[in-house]
Amino acid sequence: MLRPYLAKHVFLFLLAGAVLCSWTGSGAQETSSAKQGLKVTISVYSGRPDPYFYLGSETEMEQFRSFLKNAAVNKAFERTTVIPSILGYRGIEVENAAGIRDVPVSVAVYKGAIEVRSKEKVFLVDKDRALEQYLLKLAREKKIIDERMYDRIKASEQ
Amino acid sequence: MTLLAGKWNVAKKVVFVIALLYSLLFLWGCCPPFCPPPPPPGPGGDGQKAMLSPPTVSEPLYECSTAVSVAGFVPGATIEIYSNGTATIGGGVSDAPWGQSFAVNPPLTNGQVITATQTLGGVMSPHSKAVTVKSFFESHPEGLPKPVLDIPIYNCGGAIGVTNLAPGGLLEVFADSVVVGKAAGCGAGQWVFALPPFVTGQKVIATETLCAKTGPKSDSVAVIPEPSFLPTPVMGPVYEGGKYCTVSSITNGATVTVFNGPQPIAGHACSGGGQVFRLNPQPAAGDSLNAVQGLCSSISPTSPPVVVKPCSELPAPKLSPVCIGDNMVTVSGTAPDARIRVYANGTLVGDGGGTTINLLQAAQAGDVITVTQSLKNCTSPLSAPFAVGKTTCSIPGYSPGFWNDGGTVQDHNNCYNYSNNKRTDTFAQPGRAAGLSLGWADMRCDRVLDAAKADGILPLPPSGICPCKKDKIALVVWPDEDYHWYRQDSGGKWSHKPGHTEATNVDNSQHAIASPETADRGGYTEFCGYFCSCSDEQQGQGHENIQ
Chain S
16 MLRPYLAKHV
26 FLFLLAGAVL
36 CSWTGSGAQE
46 TSSAKQGLKV
56 TISVYSGRPD
66 PYFYLGSETE
76 MEQFRSFLKN
86 AAVNKAFERT
96 TVIPSILGYR
106 GIEVENAAGI
116 RDVPVSVAVY
126 KGAIEVRSKE
136 KVFLVDKDRA
146 LEQYLLKLAR
156 EKKIIDERMY
166 DRIKASEQ
Chain A
202 MTLLAGKWNV
212 AKKVVFVIAL
222 LYSLLFLWGC
232 CPPFCPPPPP
242 PGPGGDGQKA
252 MLSPPTVSEP
262 LYECSTAVSV
272 AGFVPGATIE
282 IYSNGTATIG
292 GGVSDAPWGQ
302 SFAVNPPLTN
312 GQVITATQTL
322 GGVMSPHSKA
332 VTVKSFFESH
342 PEGLPKPVLD
352 IPIYNCGGAI
362 GVTNLAPGGL
372 LEVFADSVVV
382 GKAAGCGAGQ
392 WVFALPPFVT
402 GQKVIATETL
412 CAKTGPKSDS
422 VAVIPEPSFL
432 PTPVMGPVYE
442 GGKYCTVSSI
452 TNGATVTVFN
462 GPQPIAGHAC
472 SGGGQVFRLN
482 PQPAAGDSLN
492 AVQGLCSSIS
502 PTSPPVVVKP
512 CSELPAPKLS
522 PVCIGDNMVT
532 VSGTAPDARI
542 RVYANGTLVG
552 DGGGTTINLL
562 QAAQAGDVIT
572 VTQSLKNCTS
582 PLSAPFAVGK
592 TTCSIPGYSP
602 GFWNDGGTVQ
612 DHNNCYNYSN
622 NKRTDTFAQP
632 GRAAGLSLGW
642 ADMRCDRVLD
652 AAKADGILPL
662 PPSGICPCKK
672 DKIALVVWPD
682 EDYHWYRQDS
692 GGKWSHKPGH
702 TEATNVDNSQ
712 HAIASPETAD
722 RGGYTEFCGY
732 FCSCSDEQQG
742 QGHENIQ
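Read top to bottom, the protein sequences are chains S and A. Residue 25 in the working numbering sits at position 10 of the first sequence; the count goes up by one each step and never skips. Residue 483 in the working numbering sits at position 282 of the second sequence; the count goes up by one each step and never skips.
In short, the hints are calculated from the structure, not lab data. This list has only true hints and no planted wrong ones.
Only pairs whose alpha carbons sit at most 20 Å apart, straight line, appear in this in silico SDA-like list of lysine to any residue:
1. Lys126(S) x Gln711(A)
2. Lys54(S) x Gln611(A)
3. Lys134(S) x Asn89(S)
4. Lys169(S) x Glu682(A)
5. Lys136(S) x Gly608(A)
6. Lys158(S) x Trp641(A)
7. Lys54(S) x Thr609(A)
8. Lys136(S) x Pro119(S)
9. Lys654(A) x Trp641(A)
10. Lys577(A) x Thr320(A)
11. Lys134(S) x Asp606(A)
12. Lys136(S) x Asn605(A)
13. Lys157(S) x Trp641(A)
14. Lys158(S) x Ala642(A)
15. Lys169(S) x Gly724(A)
16. Lys157(S) x Glu682(A)
17. Lys169(S) x Ser710(A)
18. Lys54(S) x Gly608(A)
19. Lys136(S) x Gly607(A)
20. Lys54(S) x His613(A)
21. Lys134(S) x Gly607(A)
22. Lys136(S) x Asp606(A)
23. Lys54(S) x Gly607(A)
24. Lys54(S) x Asp612(A)
25. Lys136(S) x Asp612(A)
26. Lys136(S) x Gln611(A)
27. Lys169(S) x Thr726(A)
Produce the complete structure using the sequences and hints provided.
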């Protein structure tokens, strides 16, 4: 008599657990995307995938927002994109797949120009290439690019 | 009664035997054991129906021409040349399948449709591809070209070659205004005997006449003294059953003699370069042949001996790539007078000679093609098989709009996708489809190209031409960092797609890419080579198996 009773309740318990786990799992995935933050890709390769990292900390995110907030509109920019179709280093792209507030859908920066894509595309000035240098230094610190690549990129800027 | 029953039984047996014999006769056309032996089986099995390939009529053919050149036939076949499918205007027997010129009568007229057949052993081939006779002067209002004499022309020279001719005309060679050689129905390049031979100081010119119009004279060439030293001629291999040999390194106008031991068996004056000689009498296996050439008293060293090889050493031909829809195959490594048989999946589909043999049915996807060569009763082994591709390839144009959508296509298809013109949305990597994975240490030419080969992408052949309308692509490497691919578009220029950026036809200096070897490639300093990709005219629809 006792066994069927226990079996039934064990089954219900396991079923509830599975349902709860699936909810928290998907929630955990959503939270994970948001936690990963903004994806920063160093656009340098052709065949191999480009190296990338995430702006995870709030400090990094705020710094990024600050660069965009303080950037002037670039009225002189005439091309359709700041990332040229060339071999080798050609800029940095930041993607907001998680939909973080107050951050555009995507941003690209290269050689003093910033391309901001939200509902429309806007071009800004990256004064002294400050945003680009900031992101490159982060990539180096996080060991996404090694010293050799960092030096090559810096040399290509000459 | 018993006697009658016994006789009836015998009668029934007799009737049965007769019925059996008649049924055998009906089935086999004969009564064993009196039936003839079955024909020797080919690779396709017993008793394949005898078929001959249609020969090839050389193009172009011009009005007023008095000869037609035919090639690709079985040596010894009877060639017939037809006007408009029915009227025979020329032909004959030839064992020179690399190309035989036959006189035609009357001369060709504008609009005539010329075909040829070959017949051997009572079997006639289908008609060749038709060639329509054109008027040379309608397509060349400037007139006949200026003939060009092969130089230098030496004292005692007994032959001369002339190029830059309109096929079919009358070539005449003059020495001090006297005709010393002529050829009616000449080829685009033609050699003639010079009789009498040239003499030092003579001025030699050539002219061509077609439809009673004589073109410009060639430049005049003075005959010079013969060289004191002549190079050693080079003989090609000779196999048992062969009637011909090849000799090269011939000095312009020299007389070549081929010996079998001490006995001369072939020889005449030749234009410079190489020549095919008919050997008479035909040598046997083990005979030692050699050749010399001479101009006046200048005689070359004797060539190294060429021992006639036995039938067992007759090599299989080499087969060039065969593409879907091809109506001919090209072979090499064959004796000049060999009979070439072509098989598709073991079934005879071509029977001719020379280096290009027409097929009785076009090559189909997946066909496995093999060939043999035969001299008299000697047949070589089958060649290495060639599997006809399963897909028809074509070359794309430069149309970057497909790739540069600013979204999924652009972001998820890299240089490897673009060069192979295949959209996978996987940022394809060489070797991934074959289960390989390239790492940092593999960013070198040999590793990346091995990975591409694993995907089935083959290097450019020595000819420099991708077979079967495959597209030429090129690989470069940024040592220890990355690889990059270019593709040649249908216009002949090159384009590429650096990673997830836009496809473009300019290099890092914004110059059009005439060649990946000379383009500004940034850090991709190592050029690894060219390859052939089965692409497609439609963007993104290439047929290579990349992932």
